[in-house]
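Protein chains in written order, with this note's numbering: chain C, 1 to 203; chain D, 1001 to 1224; chain S, 2001 to 2196; chain P, 3001 to 3344; chain Y, 4001 to 4186; chain F, 5001 to 5552.
Keep in mind the hints are simulated off the structure, nothing from the lab. Glycine included, each C-beta is placed from N, C-alpha and C at the ideal position. Honestly, I wouldn't trust all of these hints.
To be verified - Computed from the model, here is a short list of chain S residues facing chain Y with C-beta under 10 Å:
1) 2062
2) 2064
3) 2067
4) 2090
Claimed, not checked - Below, computed lysine-lysine pairings styled on DSS-like, alpha-carbon distance capped at 25 Å:
5) P:3063 <-> D:1210
6) P:3063 <-> S:2168
7) P:3137 <-> C:164
8) Y:4172 <-> F:5443
9) F:5048 <-> Y:4165
10) C:164 <-> C:188
11) C:126 <-> P:3137
12) F:5484 <-> F:5473
13) P:3288 <-> S:2037
14) D:1203 <-> P:3063
15) Y:4172 <-> F:5406
Said to hold, decoys possible - Covered stretches of chain D (in silico footprint by chain S; criterion: 3 or more residues with CB under 8 Å from a CB of chain S, positions within the stretch not fixed):
16) 1096-1109
17) 1199-1212
The residues making up each chain are set out below.
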Amino acid sequence: MNSRQILLSGLFLWIFAVLGTGFVAITEDTTRELIVENERRALLRNLHQLLPAEALDNDIATDTVEVPASTLLGSQQPGTVYRARLNGKPVAAIFNSIAPNGYSGKIHLLIGVYVDGSLAGVRAVKHQETPGLGDGIEVRKSDWILGFNGKSLDNLSRSKWAVKRDGGVFDQLTGATITPRAIVQAVKKTLLYYDQNAAKIFD
Amino acid sequence: MTTNSEITGSGLWTSNVALVQLLGLCPLLAVTSTVVNGVGLGLATMVTLIVSNTLVSLIRGFVRSEVRLPVFVLIIACVVTIIELAMKAFFYDLYLVLGIFIPLIVTNCAIIGRAEGFASKNPVGASALDGFMMGLGFLIVLAVLGGMREIIGFGTLFANANLMFGEAASALTIVLNADYGGFLLAVLPPGAFFGLAILIVIKNLIEERKVVASVASDSLPEAT
Amino acid sequence: MPLMSEYILLFIGTVFVNNIVLVKFLGLCPFMGVSRKVETAIGMSAATTFVLTLSAILSYIINSWILAPLGLEFLRTIAFIIAIAAVVNLTELVVHKTSPLLYNVLGIFLPLITTNCAVLGVALINVQDQNNFLQSVIYGFGAALGFSLVLILFAALRERVNVADVPKPFQGSAIGLVTAGLMSLAFMGLTGLVKV
Amino acid sequence: MTSVMVSSPYVSPSKSLRQLMINVIIGLIPGTLAYIWFFGYGVMVNIILAIAFALIFEAIALKLRDKPIRPHLTDFSAVVAAWLFALCLPMNSPWWLVLIGIGFTMIAGKHLYGGLGFNPFNPAMVGYVVLLISFPKEMTTWYLPEVISGDSLSLLDSLAYSFGFADIQQWDALSSATPLDQYKTGLTQDLAASEIFQSPVFGTLGGVGWEWIAGGWLIGGAWLLISRTINWHIPVAVLVGLLIFAIGEYISDPGTRASPLFHLFSGSIIIGAFFIATDPVTAATTNKGRIIYGMMIGMLIYIIRSWGGYPDGVAFAVLLANMCAPFIDYYTQPRIYGSQDKDE
Amino acid sequence: MIVAILTISLMAGLFGLILGYAAIRFKVEGNPIIDQIDALLPQTQCGQCTYPGCRPYAEAIANGEAPINQCPPGGQATIVALADLLDVEVLEPNDEHGEHHDIPLVAIIDEATCIGCTLCIQACPVDAILGSAKHMHTIIADECTGCELCLPPCPVDCIDMVPIKQTIDDWKWPAPVLSKEIVHEH
Amino acid sequence: MSIKLHEFHGGMHTEDHKAESLAPGLQQATLPAQLTLPLKQHIGDSNKPLVTIGDRVLRGQVIADSSSLISAPIHASSSGVVSGISAQPIPHPSGQCDVCIVIDVDGKDESIESQSQSQSKKIEDLSASELIDKIHRAGIVGLGGAVFPAAAKISRGDNLGIKTLIINGAECEPYITCDDTLMQNYASEVVSGIGYLQRILKPENTLIGIEDNKPVAIKLMQAAVIESAVAKTEVITIPTIYPSGGEKQLIKILTGKEVPAGKLAFDIGLFCQNVGTCVAITQTLEQSQPLISRIVTISGDGIQQPGNWEVRLGTPISHLINLAGGYKRNQSESQHLVMGGPMMGFSLPSDHVPVVKATNNILVMLQETIPFTPGYHDECIRCGKCADVCPAQLLPQQMYWEARAKNYERSEEYHLFDCIECGCCAAVCPSQIPLVQYYRAAKSEVRASRQALFRSDRARLRFEFREQRLLLKKQQDEERRRIKREALQKKNPKNPDTKTEVDPVQAALERVKAKKQSQAAEPKNTTNLTPAQLEKIEEADARRRAAREQRE
Ligand SMILES: Cc1cc2nc3c(=O)[nH]c(=O)nc-3n(C[C@@H](O)[C@H](O)[C@H](O)COP(=O)(O)O)c2cc1C
Ligand SMILES: Cc1cc2nc3c(=O)[nH]c(=O)nc-3n(C[C@H](O)[C@H](O)[C@H](O)COP(=O)(O)O)c2cc1C
Ligand SMILES: Cc1cc2nc3c(=O)[nH]c(=O)nc-3n(C[C@H](O)[C@H](O)[C@H](O)COP(=O)(O)O)c2cc1C
Ligand SMILES: Cc1cc2nc3c(=O)[nH]c(=O)nc-3n(C[C@H](O)[C@H](O)[C@H](O)CO)c2cc1C
Ligand code: SF4
Ligand code: SF4
Ligand code: SF4
Ligand code: SF4
Ligand code: FES
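Let the sequences and hints guide you as you build the complete structure.
Encoded structure:
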């Protein structure tokens, strides 16, 4: 009697589990491709902010290379670099870099570098800077971060890679110097990294 | 038997999930920094409520009592997962914004509460209506709270409408005053609590006025 | 393998800085609902701490040993909630059998924990942040302690506020929410303590 | 003969609530004067504006709550709260900043809970913190002390500034971060303490001017103690709590850490210890509890200052400790007469 | 898809087994909370709460079927006590169920009119009425709970409810009352 | 020899205002025209009158008594005729009336005691229990304020064994000087009273605590101790700090011990009695004079001539006011009449109330010196000054918070019932909150709800008993019907399988059941009645008879 009841309960739940999971699995099956496509598109949209779609013709989302951890990229983990090519020739590389010394911690950046070492663009992907002060680095909030476009280690002497207060060329955000300072340094380091490893990145 | 208007009234007002039962607070406070986020999650929750209420009501006749709760949980989890998959497929950007709070609809106590308290005792039609009304009540609060916080915090309304309705909807965004610097408190965590408190107070005040009014109208015939 | 100090930072960060309730907005229903008396708050805290830690472990195992190898990540929510319900139920059983006294204290809170989003939330965040086993455990335990900390402090505050001369429309949940808001205001002072 | 029943005792108390608040106001005067001396009339404008707004808010709240207005307005608690709030603001803050802050101080901080005596959180600190997180730009723009900048606003300019008639840019040259902010900025840049203290804003003990202001608070604090407005427990515990950390850190790493004296004499430690942490309404009330509460504030200040996101943690430390006060009170009940331990 | 179904259904099946086992092995008998609630009710047994006595009401509360504000004899104090026990919000007393008397009432029989029909004896839930057939009845004031159940059956309406006599020993110190008109003066 | 003094927590210094009433020395009050003697002037059970209207009574005659142990009889305090036994205003904080015996004084002041004295043994030969009996019959209650019947207290102390006898001459409250005057005038009586207490209680030592603001009394008492033969008795000068005269505080000062919470002094071998009580004992045993008078201080800013009077119990306070030269002000609204000291006394509604055993002081305060404004006080700002002065080491602010919100149970958790109502907290509260009134109200409420709980528990028992009885009755009816049916069936030959043999167990069970039922079927609830209930039934029966007679 007891065990029969137990079995019944188990069976009942089991049936519902089978039915429920069945439906979920069917849904998953039908949506899988859409979802993968969505994820790819979201990634591309981010990358295309830095590089116009017409500048490349390869599948940048899959044309990647793993680079080992490097202090120049601010990360202790190996990172992924996306490679853009046009007609098979390298156009640019996009780095996931981290500025470790933001006001409230790490600032995750996406930095696009053309093969010639000039900047395609910089975006702050994830950060915890103070709303109203440090968050001016988001494109949504201000144009500040667009100021990097086109800069390179060649067209700007190394000492000028700093915020204006420190004698450089980059504006600071009103009331928040630390955040820009951190980003400027991170970008500069990423360019240095590219300088040293350009060959490895494009094989 | 509960009448349809009673179900409507209780879902939208007298037993409003958010204002009265104080359930589903996590998404309520976490995702309401803008109207669009609020509505997005509200819709997902509403769909879950309708579907789970309907299913539970359908099977209410033959569920064994000792596995009733697990079966309900299972059903709700499946519904939510399906919705999650659908959102990923069709509203991917909105899904990214709402993030973890979509799967967390499973633990929204309001849903299991309705399954237990209403759907398992009522016919399908009433249960579905109850799910709809409860969900709508929740949705409205999410939207209003989102609107409040968005206006005060950013000075905009319907920002990011494109997340839900596609790029064309970007035009929906209303910027109330371009010079408005924003009152950040409203969009930060404390603002969420304050905002909900304000909504509850407004509801209390309305109730109070209703009581006063009904007392006044009660005493009227005696006076004349 | 991260350093010891990182584990400690993760722990402190989870308890105080990224408090599960006031900053992450999880577990708010029990936070608002079971905070009228300090004693019940303590009971709820103890029960939640146990279940949360255990389910963090279990969900890690389920995810990395079953779901990930089989490519069934989309079933995560279902699998986790089943596991959580099982943990809650088992806890209830074990406590009931071994310690009636403890059961008296915790019993009524246990069923409520299944619908505490902090429990499922922590399991999901662990996956999202790709935490390893130890990190998952620390995160689960830290989140539970953070939950307990603010719940008990909140209950003590509410006991005081309940006897205050609060204006009528604010009495009850409204003033509770205002208090919670002020608590989260205070907790904002701890931001930046642990840099992530 | 006796028309209304009143209960014993039939003796007048030695001190009234109003007297207590007046004592606090008297205690605030030396420090406030020093503040005005170094930073100009803007400070005074802030204080006056804050008090005026506070009284208006208080009167409105009392009216709405159907309470007698005159006795509550004349207990001066609103004046104390407004004054302390105003002292946290950057000088020459725009009027709307003061208004919003005082609104939160008096309404969310005080009257939602039932007014004087019922609020669990320090109202002035609530108002200040709301502003700090909502308007970080406005709230972190401070002005150089007159002795450094050699320039300051006249009373008229300050007023004009406050009410938005004067252009902000005009005075930008005078603006700067507070010494603590600079110190913190330096720390994030991994600078050594000696490098940080190169800046002209630093004086011998703390920031230029700030040392004297802190001295003023110290005099006021002594007055509060002498006039028995406050007990010694909380201020002493706050200072001890802070110094435990400050001295420990300084000894272990004198190169990068500021001296304990710098910590004491810059920012709002002294006023915090004597005037803010001691707000009786929001502090712990048992003697043992007061010591725990004070130590907690002291330590939190240091923790937030040194490792957290804010240059001066007093407000947050006080609010965090307020949050714990009922709990502390509950578990530090004194042993009552005739019992061996508190629960028996 | 098969893997998915297998995985989850295995987990669910296992879980169902455990639950089924639990439901039988650890069935909880009775509900101690009912006793605790019952202990807080005034035991007037008057039925004004719409339940046939205090215990049924206690059961209804424990099952979540009745709100805690339906007992007029208990008044606000009982509501507060119940709210405290059950950890729920304090409610206003529901006037629909009757009025709370600050000074409890007791029944008194007009002995000159009483015909000794014993109907009231049968109605009294606490045996507070003494007497036998054809003899006049008396109410033991100390035992009378003031439930008024004896009033309707009496054919000659000889039972009245009167407030309990207050003595100096029952006197309660009044708490200070605050009024809004008074202006501070010393 | 000298002992080390200890300190109690808290307490406060007050302006003592004692000189004014001390100056004139002890005066004898004249007899009033009427004496009003409340039936109950002590803590414990009520008395019943032993006289009826029209009776002539003599001084010292017992006019009301009770059979209870915790009670004290009332004596006529002068000779005269009983003119009323009715509710009269009495000195009570409620301002309510209670039953009093009113005597029209004839002025002869004849005493009753002459015959009885001759028969009794010499005091030296009396046993302890005989002494206690005499003290009981003299109606002596503690005159330090608690008015607990002295005989009950002493016999309890005697049973428990006393190590230290403490005599309370502290008189710590401002204005009051009756004990000071008493010690100055009756030092030797105090000491011989101590002697009797020592005979009964056999303590190891005796400590007389007197505050250092009464140098004359201290000197006289020391002299009296040396003069008399009492052993191991010492007058201890204690610092002047209110409330050093509180029993628990005095014990702490003199012995360093604390009376455990919820216990009484004699649980730790201590026994505390007021000096006035000692004098009353002496007067009873040596002069056979029951408690019919006491010393009352009249003081305050509103009285013409403050002083101390020896007053017959029952004397209207208005009479005393006249003796003291009357009020300073004419309008009654501008002054405030208090019985007791300013710290612990209570307001009197009028001066038409009598002096009772508890009356140690009559205080006429000017209205403007009363600190509390009725209807308004500031809110508690949690400054903790009250906790600093609370001699019971409580947290007055917490008790107040909970009491104010009518959370009486929580107040109780903060040890409400350990509050001795000394008033220190309210006296220092900057918000001028009438804290003590809140505590008194809270205590009343808690007591009332305990009473209600007691009643409801009893009601539940009775209800359940009745339910059971009805159930049994129903079963019994059914049983009877079944038996009848079976009997019918037996007669019917168609049913052969009817049992003829009776199962013995079944039969026994049935017998038990039947017995229970017969018990239950008895006229209900006339068993197990308390004497009071029986009394009521009797009364009702009497009324019924009367009613029937009237009808016939
Ligand atoms: C509450 C608060 C938040 C702050 N947040 C930031 C921030 O997000 N980013 C930043 O660079 N500085 C931040 N700061 C520090 C700046 O105010 C700091 O003084 C500034 O970075 C350097 O000053 P300057 O720009 O005036 O030279 C913050 C300061 C405070 C008090
Ligand atoms: C058997 C016995 C019971 C007593 N019970 C009480 C009591 O319930 N309440 C009381 O105040 N005093 C009681 N007393 C008297 C105390 O011992 C003590 O004299 C008195 O409480 C002191 O009161 P005071 O300090 O408040 O004036 C009792 C004495 C005896 C002998
Ligand atoms: C606050 C307080 C102050 C007291 N002060 C005195 C006092 O000054 N003198 C005194 O004899 N009793 C005083 N009593 C009463 C004593 O506690 C105690 O009841 C009395 O000494 C016992 O003696 P009795 O039974 O002879 O009255 C005081 C009680 C309290 C609570
Ligand atoms: C010693 C003392 C310190 C006070 N400190 C503060 C304070 O820091 N902040 C504040 O808002 N009010 C303060 N007040 C005023 C008052 O207590 C406060 O407004 C209450 O919190 C309002 O309920 C203080 C009062 C005193 C007597
Ligand atoms: S109303 Fe109250 S007293 Fe009457 S039966 Fe119901 S619970 Fe009992
Ligand atoms: S006598 Fe009447 S009122 Fe009293 S308990 Fe019995 S039935 Fe109720
Ligand atoms: S009256 Fe009670 S609470 Fe107040 S000081 Fe005296 S003992 Fe303490
Ligand atoms: S002295 Fe008065 S204001 Fe101060 S804590 Fe006590 S009750 Fe509150
Ligand atoms: S919604 Fe998070 S706990 Fe209820």
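Hint-by-hint comparison with the structure:
no.: 1; hint: 2062; verdict: holds, 8 Å
no.: 2; hint: 2064; verdict: violated, 14 Å
no.: 3; hint: 2067; verdict: holds, 8 Å
no.: 4; hint: 2090; verdict: holds, 7 Å
no.: 5; hint: P:3063 <-> D:1210; verdict: holds, 22 Å
no.: 6; hint: P:3063 <-> S:2168; verdict: holds, 14 Å
no.: 7; hint: P:3137 <-> C:164; verdict: holds, 19 Å
no.: 8; hint: Y:4172 <-> F:5443; verdict: holds, 9 Å
no.: 9; hint: F:5048 <-> Y:4165; verdict: holds, 18 Å
no.: 10; hint: C:164 <-> C:188; verdict: holds, 15 Å
no.: 11; hint: C:126 <-> P:3137; verdict: holds, 21 Å
no.: 12; hint: F:5484 <-> F:5473; verdict: holds, 16 Å
no.: 13; hint: P:3288 <-> S:2037; verdict: holds, 23 Å
no.: 14; hint: D:1203 <-> P:3063; verdict: holds, 22 Å
no.: 15; hint: Y:4172 <-> F:5406; verdict: holds, 14 Å
no.: 16; hint: 1096-1109; verdict: holds (count 7)
no.: 17; hint: 1199-1212; verdict: holds (count 5)
Going down the numbered hints, you'll see the structure goes against just number 2.
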